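With the first letter of the sequence shown counted as 1, position 150 gets the number 254 in the working numbering; the numbers rise by one all the way through.
Since the hints were derived computationally from the structure, they do not count as laboratory data.
None of the values given here were measured: they were computed from a predicted structure.
Careful: at least some of the hints might be erroneous.
[Said to hold, decoys possible] With a straight-line Cα cutoff of 30 Å, these simulated BS3-like cross-link-like pairs (lysine-lysine) come out:
#: 1; residue 1: Lys231; residue 2: Lys361
#: 2; residue 1: Lys349; residue 2: Lys317
#: 3; residue 1: Lys328; residue 2: Lys231
#: 4; residue 1: Lys328; residue 2: Lys317
#: 5; residue 1: Lys297; residue 2: Lys317
#: 6; residue 1: Lys258; residue 2: Lys317
#: 7; residue 1: Lys180; residue 2: Lys213
#: 8; residue 1: Lys213; residue 2: Lys197
#: 9; residue 1: Lys297; residue 2: Lys258
#: 10; residue 1: Lys231; residue 2: Lys286
#: 11; residue 1: Lys349; residue 2: Lys133
#: 12; residue 1: Lys317; residue 2: Lys180
#: 13; residue 1: Lys213; residue 2: Lys121
#: 14; residue 1: Lys361; residue 2: Lys298
#: 15; residue 1: Lys361; residue 2: Lys258
#: 16; residue 1: Lys115; residue 2: Lys213
#: 17; residue 1: Lys297; residue 2: Lys213
#: 18; residue 1: Lys328; residue 2: Lys359
#: 19; residue 1: Lys121; residue 2: Lys197
#: 20; residue 1: Lys328; residue 2: Lys286
#: 21; residue 1: Lys297; residue 2: Lys359
#: 22; residue 1: Lys286; residue 2: Lys492
#: 23; residue 1: Lys317; residue 2: Lys133
#: 24; residue 1: Lys197; residue 2: Lys133
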Amino acid sequence: MSVILRSEEGKLLLLSKGADSVMFERLAKNGREFEEQTKEHINEYADAGLRTLLLAYRELDEEEYNEFNVEFTEAKNSLSADREEMIEEVAEKIERDLILLGATAVEDKLQNGVPECIDKLAQAGIKIWVLTGDKMETAINIGFACSLLRQGMKQIVISSETPESKALEKVGDKSAIAVAFKANVLRQINEGKKLLTTSSENSEALALIIDGKSLFCALEDDVKDLFLELALGCASVICCRSSPKQKALVTRLVKVKTGTTTLAIGDGANDVGMLQEADIGIGISGIEGMQAVMSSDIAIAQFRYLERLLLVHGHWCYRRISTMICYFFYKNIAFGFTLFFFEAYASFSGQVAYNDWYLSLYNVFFTSLPVIALGVFDQDVTAKLCLKFPLLYQEGVQNVLFSWFRILGWSFNGVLSATLIFFFCIRAMEHQAFRKGGEVVGLEILGTTMYTCVVWVVNCQMALSINYFTYIQHLFIWGGIIFWYIFLLAYGAMDPNISTTAYQVFVEACAPAPFFWLLTVFVLISSLIPYFTYASIQLRFFPMYHQMIQWIRNDGQSNDLEYCHMVRQRSLRPTTVGFTARFEATSKRFEEKPEGH
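Work out the full structure: start from the sequences and follow the hints.
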């Protein structure tokens with residue numbers, strides 16, 4: 105980043121700061137007086153975990169400045185798609201022949217809870233990449249501090265600081281340097297892939313560390329597939345000295361090539377492109393400004409809040425939405441197929457089984473509010489257990505609750521409920537008499553009875569599907585059923601020209617008949633038995649991970665460390681990053697240590 109100002113003496117000065125990998129290339133031959141000493145200092149700073157920057161300047165003459173100002177204004181006011189590239193090209197023309205001033209080092213401590221958060225995310229099966237503008241030594245220290253790297257993990261380092269590249273830089277042939285540098289990066293990637301094959305046979309964890317210059321070549325069209333294959337095979341990936349554009353390109357590469365959902369999190373203006381490129385961008389509000397927050401989908405105050413955002417609210421939201429959509433399929437299929445069966449029963453005469461207002465209000469008042477309550481309040485496990493068993497998050501990644509099998513299962517349940525409701529009502533009411541005159545069942549009584557059964561069945565089905573009841577859910581489920589009877593009384597009391605077939609049907613025909621109430625109870629129980637049977641068998645013999653954790657909660661064993669460890673091991677994949685992996689690796693080395701040492 106550079107600024108141009110005029111000094112008190114009237115001189116035009118260009119003041120520039122940036123990463124050492126970029127700034128050293130832009131120094132003039134007579135501006136490298138302290139280059140070697142500065143390199144030693146910034147390496148010492150980086151080893152200490154400090155963030156480093158180089159400072160340089162140059163004097164500008166009026167003609168050069170005026171020419172730059174015209175070109176920069178044109179690029180800045182451009183409306184073309186490559187506006188940013190035009191601005192960068194103009195800036196590069198003037199950010200050259202700089203004179204080195206020195207270096208700065210700033211301590212940037214990790215926020216509280218970052219290592220623990222990364223450990224939980226790793227246990228949840230989330231792959232974590234670090235894209236940073238820091239120097240490689242600083243990034244490696246941060247990687248160890250936050251448990252992305254650990255002792256014993258093999259590091260594949262792809263660096264531009266090789267003897268071959270340094271020798272070519274002294275020659276000064278830019279075209280030869282570019283070709284040789286790309287070949288060198290490609291060679292390092294191929295060597296890393298060989299290590300990847302060896303480590304997979306020996307079950308060793310690998311970490312990929314690449315600097316900004318090498319990343320520039322690795323993201324070229326003919327190399328990026330090889331780079332991505334190597335990166336996906338490593339447990340940890342750290343991209344150092346990455347520019348904002350490179351961060352966005354890496355995010356796009358992973359998103360497009362793998363088809364997975366990507367989440368980017370950052371706190372500075374350099375992270376804006378990455379946040380916008382990812383499927384989900386999370387900005388951290390802090391001392392570096394609000395640019396990241398303003399460009400993100402979600403804003404949080406600290407990195408550690410990501411743990412609860414994903415593992416708790418992410419799991420809850422996935423479950424709520426999945427169950428809600430499946431239930432929508434179920435309740436509308438159950439309702440619609442009773443109409444279809446009646447049409448077939450009536451020889452497709454076009455006669456509708458239900459009153460027009462019954463049809464209109466089904467999804468508005470009688471069955472809609474329980475679904476909304478499910479999508480807002482339901483919890484299969486508590487927040488504490490979500491954090492204690494991070495692998496619950498994998499149910500969403502693997503789409504356990506919204507697979508085609510589950511959708512078709514709910515659809516089949518809807519067809520089965522509709523079949524039982526229709527045929528039980530038809531057969532049971534064929535020879536029944538209603539009203540004082542002993543009238544046989546008519547369309548209005550049959551339709552009202554079937555509709556009553558549908559309302560009861562779909563609402564009670566919802567009650568069986570809910571894991572966490574609140575007063576609001578009780579109000580919506582049982583209130584929907586009660587409101588149906590209130591509607592029958594009010595609507596049936598209206599003028600026959602308004603209520604049509606529903607006129608006094610509940611007061612005069614259905615309510616006084618014990619058979620109406622007995623049939624409703626019988627159909628309700630019969631329709632819920634198949635689901636209850638399936639759920640019981642599945643829970644007993646094929647439990648899902650969240651159901652195993654529900655056992656722990658219901659049996660009061662959530663504080664039993666041995667039992668909780670057993671449940672974890674039953675479904676948990678071994679992790680290679682985070683506190684847990686570091687502890688297990690240390691324990692393993694201790695156990696394998698020969699006696700007498």
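Taking only the CA atoms, is the gap from Lys349 to Lys133 under or equal to 30 Å? holds, 29 Å
Next pair to validate is Lys231 with Lys286; report whether the Cα-Cα distance is within 30 Å. Roughly 28 Å between the alpha carbons, so the hint for Lys231 and Lys286 holds.
Holds or violated: Lys328 to Lys359, with C-alpha atoms at most 30 Å apart: Holds. Lys328 to Lys359 sits at ~13 Å (cutoff 30 Å).
For the pair supplied as a hint, Lys361 and Lys298, confirm whether the alpha-carbon distance does not exceed 30 Å. holds, 22 Å
Within 30 Å, alpha carbon to alpha carbon, are Lys213 and Lys121? holds, 22 Å
Starting from Lys231, check that the Cα of Lys361 is at most 30 Å away, please. holds, 15 Å
Sort out whether Lys197 lies within 30 Å of Lys121, counting only the CA atoms. holds, 16 Å
Quickly compare the C-alpha distance for Lys286 and Lys492 to 30 Å and report which way the hint goes. The hint is violated at about 46 Å.
Taking 30 Å as the top limit, are the C-alpha atoms of Lys297 and Lys359 close enough? holds, 21 Å
Quickly compare the C-alpha distance for Lys180 and Lys213 to 30 Å and report which way the hint goes. Given pair Lys180, Lys213 is violated - Cα atoms ~36 Å apart, limit 30 Å.
Between Lys115 and Lys213, is the straight-line Cα distance small enough, at 30 Å or below? violated, 39 Å
Given pair status - Lys231, Lys328, alpha carbons within 30 Å: holds, 19 Å
Hints 7, 8, 16, 17 and 22 from the earlier list are contradicted by this structure; the remaining hints agree with it.
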